[in-house]
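Last residue of the sequence shown: number 469 in the working numbering, and the count goes up by one each step with no gaps.
For the record, the hints were derived by calculation from the structure and aren't laboratory data.
Pairs of lysine-lysine, DSSO-like flavour, derived with a Cα cap of 30 Å:
1) Lys456 x Lys343
2) Lys197 x Lys343
3) Lys197 x Lys456
4) Lys364 x Lys197
5) Lys343 x Lys364
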Amino acid sequence: MDTFLKQLVNGLSLGSIYALIALGYTMVYGIVKLINFAHGDVMMVGAYAGYFVLVAMGPQVTPLSLTLAFVVAMVACALLSLLIERCAYRPLRSAPRLNSLITAIAVELILQNLMRVLPFVGPDPRQFPTMPTKVHVWSTAAYPDGLFSISNIQILVIVLSVVLMIFLNILINYTKTGKAMRAVSYDMGAASLMGVSVNKTIAITFVIGSVLAGAGGVLYASAYPQIDPTMGYIPGLKAFVAAVLGGIGSVPGAMVGGIILGIAETMTKAYVSSQYADAISYCILIVILLVKPAGLLGKKQVVKV
Numbered sequence: 165m166d167t168f169l170k171q172l173v174n175g176l177s178l179g180s181i182y183a184l185i186a187l188g189y190t191m192v193y194g195i196v197k198l199i200n201f202a203h204g205d206v207m208m209v210g211a212y213a214g215y216f217v218l219v220a221m222g223p224q225v226t227p228l229s230l231t232l233a234f235v236v237a238m239v240a241c242a243l244l245s246l247l248i249e250r251c252a253y254r255p256l257r258s259a260p261r262l263n264s265l266i267t268a269i270a271v272e273l274i275l276q277n278l279m280r281v282l283p284f285v286g287p288d289p290r291q292f293p294t295m296p297t298k299v300h301v302w303s304t305a306a307y308p309d310g311l312f313s314i315s316n317i318q319i320l321v322i323v324l325s326v327v328l329m330i331f332l333n334i335l336i337n338y339t340k341t342g343k344a345m346r347a348v349s350y351d352m353g354a355a356s357l358m359g360v361s362v363n364k365t366i367a368i369t370f371v372i373g374s375v376l377a378g379a380g381g382v383l384y385a386s387a388y389p390q391i392d393p394t395m396g397y398i399p400g401l402k403a404f405v406a407a408v409l410g411g412i413g414s415v416p417g418a419m420v421g422g423i424i425l426g427i428a429e430t431m432t433k434a435y436v437s438s439q440y441a442d443a444i445s446y447c448i449l450i451v452i453l454l455v456k457p458a459g460l461l462g463k464k465q466v467v468k469v
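Work out the full structure: start from the sequences and follow the hints.
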């Protein structure tokens, strides 16, 4: 039981990060039907932005320096997403989807290799500054050594992820911007005729998804404190799997898919083998898609011919 609960906490922490990154995938797909494979590398840029802030503010991580690292990472990712959307994706909006998909892969490779050759980044891994770890243990008479334990970093990851997801839900469902995003997602042409600025709405969607990716990058680097120019590839791929698992285009689905994937991965490492963790994650995806092709919370779309 103690091993199960500890791994459950680890899974919730990892799954929260996957969910944050998956929200960017699912929001962009819901608006422009584009799989933005560069999203994981936007997360990597956010991790580096947070790293440089923490290094500049001294060897010890404080709540103030960590807060500033989150803010800078989010702003850097937001500006980067605006640049990518304006220069790479917007000119191809009316082109076949395959063109946009190839462009997304190209942007991913450009970001990775650009970070490799930048003199202040380089290809070598770096140690990410983190707060001193404090583990809170809950023990009982049956388990005096601890039935349940959670670190301050895991608490930060889970709480901040939940807060950002709640904020996103409020933004989408109860604001004018969210109403415009839902309108463009439902029918871009009709939304344009009703006075909605489609280009502005799509740009805002990219910005929101990238802000979440920037926060996810700092959280991921805090939980696994090593960064390098290719660090965004695997988390980005897992987040894409989580988005598809929950139902691509569904915001609640991305959250649920991320949590399921994180828990499945940590439980596999604990009870089977760490070598099978990735395989189990993808097997879960295949099974779900065979049973429910639209994903857990996705909706079937009827296409008129």
